[in-house]
Amino acid sequence: NAGVIQTPRHKVTGKGQEATLWCEPISGHSAVFWYRQTIVQGLEFLTYFRNQAPIDDSGMPKERFSAQMPNQSHSTLKIQSTQPQDSAVYLCASKLGYQDTQYFGPGTRLLVL
Amino acid sequence: QQKVQQSPESLIVPEGAMTSLNCTFSDSASQYFAWYRQHSGKAPKALMSIFSNGEKEEGRFTIHLNKASLHFSLHIRDSQPSDSALYLCAVSMGTQVVGQLTFGRGTRLQVYA
Chain A
1 NAGVIQTPRH KVTGKGQEAT LWCEPISGHS AVFWYRQTIV QGLEFLTYFR
51 NQAPIDDSGM PKERFSAQMP NQSHSTLKIQ STQPQDSAVY LCASKLGYQD
101 TQYFGPGTRL LVL
Chain B
1 QQKVQQSPES LIVPEGAMTS LNCTFSDSAS QYFAWYRQHS GKAPKALMSI
51 FSNGEKEEGR FTIHLNKASL HFSLHIRDSQ PSDSALYLCA VSMGTQVVGQ
101 LTFGRGTRLQ VYA
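Residue numbers (the numbering used here), protein chains in the order written: chain A, 1 to 113; chain B, 1 to 113.
Worth flagging that the hints you see were computed from the coordinates, not collected in a lab.
Everything numeric in this text was worked out from a predicted model, so none of it was measured.
Backbone N, C-alpha and C fix where the C-beta goes; we use that ideal spot for every residue, glycine too.
Heads up, some of the hints might be wrong.
Taking lysine-lysine pairs in the DSS-like style, the calculated list, with each CA pair at most 30 Å apart, reads [claimed, not checked]: (1) B:K42 to A:K62; (2) A:K15 to B:K42; (3) A:K11 to B:K42; (4) B:K3 to A:K62.
Covered stretches of chain B (in silico footprint by chain A; criterion: 3 or more residues with CB under 8 Å from a CB of chain A, positions within the stretch not fixed) [what the hints assert, rightly or not]: (5) 42-56; (6) 60-73.
Generate the whole structure from the sequences, applying the supplied hints.
Pasting the structure below:
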């Protein structure tokens, strides 16, 4: 079991550029979550898919952030017109539908200059 | 909106000590309570979780929940240097299905030999 895979592990973008982050959940897991971790705000929920359907995106900054899950093997988080305050570690987690424990990937460290 | 707070912010204990970490939450309708551990530069990893009032023990770790007090805690018996990490408590509102987690800011534990 490879665990949750996130790519890239590190990404540096210039202000105003677009960033796309990828997540491959553990095979067979039906729920995928995106979180963001910063020193100032801690670990914050962004959005959540179950069986590829969006369930809750209440944590997403609406204007520039979007997430998709086109198939059961990957999800993407896209940030348009990146700003320095978007710099964070973006964590993806997955879980089996009937279980409670979320398994986190290693994260993508995004730095916006 | 759910607020989750942890105390203390940081803790330094000698090897072999009993360590106690605290978490308070604001929404009395919360259903699921968990502790995650995050070693530096690594993904958060689930330690223990509980649904009902009371205690649950797994090895050196004990989780205690008091819903009436809006409080749960993690106790580590015989703390080891390898326990040094950031400890995150998490709460979920999910009833039939545990959904997104709301995390505290974390307690940074250092265990010295």
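How the hints compare with the structure:
For the given pair, B:K42 sits about 28 Å from A:K62 by alpha-carbon distance, which is consistent with the 30 Å threshold. At roughly 27 Å between alpha-carbon atoms, A:K15 and B:K42 fall within 30 Å of each other, so this suggested pair holds. Between A:K11 and B:K42, the direct Cα distance comes to roughly 17 Å. Compliance with the 30 Å bound is thereby established for this hinted pair. For the suggested pair B:K3 and A:K62, the alpha carbons sit about 22 Å apart, so the restraint of at most 30 Å is met.
Only residues whose beta carbon comes within less than 8 Å of a beta carbon in chain A count, and the segment 42-56 of chain B has 6; three or more means the coverage holds. Counting residues of the segment 60-73 of chain B whose CB lies closer than 8 Å to any CB of chain A gives 0, so the stated coverage by that chain is violated, three being the minimum.
Of the hints listed earlier, the one the structure fails to meet is number 6.
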